[in-house]
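Number of protein chains: 2
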Amino acid sequence: MNPRVSGETWVSPKTLREALFNAAGVVLYMDVLSVLQQKSRAIDASLPLFLPKRGGAGWKRDYMDMLWDYNLRGGKRLRPALCMLSCEAWWGKQEQAVPTAVALELLQNFFLIHDDMEDESLLRRGKPCLHRIWGVPYAINAGDATFVKVWETLMANRGALGDEKALEIAGEFVALSNRTTEGQMREMYWVREKEWDLTERDYLEMAAEKAGYYTVVAPLRLGAICAGRGGLKGNFDSWGIKWGVAFQIQDDLLNAVGGKKYGKEIGGDVYEGKRTLLLIHLMEHCNYKQKKEIMKIMNKPREKKTAKEVRSVLKAMGDCGSVDYARKTARRLAEEAKSGFEKSFADARRGEAKDALAALIDYVIERDV
Amino acid sequence: MNPRVSGETWVSPKTLREALFNAAGVVLYMDVLSVLQQKSRAIDASLPLFLPKRGGAGWKRDYMDMLWDYNLRGGKRLRPALCMLSCEAWWGKQEQAVPTAVALELLQNFFLIHDDMEDESLLRRGKPCLHRIWGVPYAINAGDATFVKVWETLMANRGALGDEKALEIAGEFVALSNRTTEGQMREMYWVREKEWDLTERDYLEMAAEKAGYYTVVAPLRLGAICAGRGGLKGNFDSWGIKWGVAFQIQDDLLNAVGGKKYGKEIGGDVYEGKRTLLLIHLMEHCNYKQKKEIMKIMNKPREKKTAKEVRSVLKAMGDCGSVDYARKTARRLAEEAKSGFEKSFADARRGEAKDALAALIDYVIERDV
Chain A
1 MNPRVSGETW VSPKTLREAL FNAAGVVLYM DVLSVLQQKS RAIDASLPLF
51 LPKRGGAGWK RDYMDMLWDY NLRGGKRLRP ALCMLSCEAW WGKQEQAVPT
101 AVALELLQNF FLIHDDMEDE SLLRRGKPCL HRIWGVPYAI NAGDATFVKV
151 WETLMANRGA LGDEKALEIA GEFVALSNRT TEGQMREMYW VREKEWDLTE
201 RDYLEMAAEK AGYYTVVAPL RLGAICAGRG GLKGNFDSWG IKWGVAFQIQ
251 DDLLNAVGGK KYGKEIGGDV YEGKRTLLLI HLMEHCNYKQ KKEIMKIMNK
301 PREKKTAKEV RSVLKAMGDC GSVDYARKTA RRLAEEAKSG FEKSFADARR
351 GEAKDALAAL IDYVIERDV
Chain B
1 MNPRVSGETW VSPKTLREAL FNAAGVVLYM DVLSVLQQKS RAIDASLPLF
51 LPKRGGAGWK RDYMDMLWDY NLRGGKRLRP ALCMLSCEAW WGKQEQAVPT
101 AVALELLQNF FLIHDDMEDE SLLRRGKPCL HRIWGVPYAI NAGDATFVKV
151 WETLMANRGA LGDEKALEIA GEFVALSNRT TEGQMREMYW VREKEWDLTE
201 RDYLEMAAEK AGYYTVVAPL RLGAICAGRG GLKGNFDSWG IKWGVAFQIQ
251 DDLLNAVGGK KYGKEIGGDV YEGKRTLLLI HLMEHCNYKQ KKEIMKIMNK
301 PREKKTAKEV RSVLKAMGDC GSVDYARKTA RRLAEEAKSG FEKSFADARR
351 GEAKDALAAL IDYVIERDV
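Protein chains in written order, with the numbering used here: chain A, 1 to 369; chain B, 1 to 369.
These are calculated hints, taken from the structure and not from any lab test. One or more hints might be untrue.
Identical copies look the same in the list; a pair holds intra-copy or inter-copy alike.
[Unchecked claim] Think about it this way: if two alpha-carbon atoms lie no more than 30 Å apart in a straight line, the pair counts; the simulated DSBU-like pairs of lysine-lysine are:
| # | residue 1 | residue 2 |
| --- | --- | --- |
| 1 | K338 | K60 |
| 2 | K274 | K60 |
| 3 | K338 | K291 |
| 4 | K60 | K343 |
| 5 | K233 | K165 |
| 6 | K60 | K308 |
| 7 | K165 | K338 |
Let's have the full structure, built from the sequences with the hints guiding it.
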């Protein structure tokens, strides 16, 4: 039987080491962007090892085109980078974390493919969303196939880390996938049920599940497990959540005001009716007439919203201080995360990986992509 | 942390034994239907242990309603039954196979939720498909959540079977999920690309992946692994595929001619443009004029097909002998499967489980649901 189909590990640690060496060579960490680039190259070099070979004809060609195009579109690769850096900071080797980091990237891609359909998004990583190229039926199935690859990739941990750690890591993926599907349900429900009775607290709770745990806490925990320091994983939860929520607020800000290399549609959150921190602040601080007008716009389905209406909501966010407020909140959360990080990582190995993690806390609120 | 969210095993073997005992008590296998019913009750009793608690308000209520309604709608439960029976025939206890059997049922439900959207189906198990009740965005996410529960349930094998077997079983799930997403892509491609250059061989290859491996081979292999006889699993592949393909042909037949308790739309395959054995036989045996007419109908999108047109295709299948041919083919494959089964299971424990498996080979081609 084809080992690729049998669900067994088929990427040997040696193959992995060679791929990583060819991709990365010796890289000096110049700054946080070069760290992300180096980690991204490690993912680019290893991810293809975990995908079926390209080529073929007919259905196979289309199937592989979808999986390869989307999974190698790039993106920030923040989650796999955090996982690998956490592993290195806890005295592990990067290669110990690679299958797990690749699985995090595949998981993110799976969620993006499906979320973009659920939210009727248009652009992703500077290109049309997968369903806009291939249609909804193909894209649902391509997302499912990518999710299967997550579990297949996690099986490769057996060889490198042993059965017990492989299962502990798989359990972490179950937990974070549960949180993410629940978080997505909560967001969709708010839009669909035209829910306006929401406070900053509701937003923070949703963002903690959707971004805090998923984007920051889980990758840090997984990196520590890969390094054999799984006993530490509970230490990262409280401040990691803050870091991740700061990331999410910056995401909302970029969506509202744009950025140089921003790969999504500006104002997309308004088109999609998303309850962002900016919107919740706006609803609490604008006057009654404005509030009624904004609710009217936000409650319309995407295709009924005009560009002028969307611009008026974005403008109000600036005028009412919601943009400033979101910036300040993200900054405050990042500062709090930083002091938590310093304590939790006090005993970690000093050096590039630890420095890079500290720098990435600032990065998430300074980034323009 | 809530153990339900942490991805760790939270259903103790004792809880499972009690639930099974309460559900089944002592049941004498009267006939094959009572076997399926008994196994179905075992699933009904255990599946809720692997789902989050019902209740709550707002998004949580809707979320749980979707997961509970769909996962407990019933259905034949053939896959979990085959897994439990294979485990028992190989000297295992039913409870050793229960988490794996529940995971097979959850996997089936996940695929059905997504496939029904991809194929634009209307009915499933006598009720509207999930996306027709809740809309596509919620249903995509509910499918994903169900798929996460598959892996969460498989983690429960750690306690009962140990880490190595738990991982072997997870690897089997990866393999069968890969085959199923590929099979689905192949079928969708045929419809979308208006592919008519297809032979019986193409159909049999597709059905082997879609039904042969998934419906029969994998459950039998998994049951043997649960019983600690994983070394035997390769013996079931060749004849198990035939059994599963016979099952699929009977599925196509029921879709064309109906059955007393059939839970799907009659003629649904024609509406969806599916390339069934009946259709492929029909295209090879009708005259040129009929062939052109049928292609014209089949190439139309679902909403452009009239009930009269669909009836005319179904009638032609009867007139050209395609229905008879499909019946004969299913019968032949089932006979071949039976002789393979007798050999592979010659050393299995004599008794109810083995008898039930033999009877189920006939059942799949005699069933009317």
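Cross-check of the supplied hints:
1. K338 with K60: The answer is neither: 47 Å in one copy and 33 Å across copies each exceed 30 Å.
2. K274 with K60: Answer is between: at 18 Å across copies they meet the 30 Å cutoff, but 36 Å inside does not.
3. K338 with K291: Close neither inside one copy (36 Å) nor across copies (71 Å); limit 30 Å.
4. K60 with K343: So K60 and K343 fail the 30 Å test inside a copy (51 Å) and across (36 Å) alike.
5. K233 with K165: For K233 and K165, both the intra-copy (13 Å) and inter-copy (26 Å) Cα distances are at most 30 Å.
6. K60 with K308: Neither: 44 Å inside a copy, 35 Å across copies.
7. K165 with K338: within (28 Å within a copy, 42 Å between copies)
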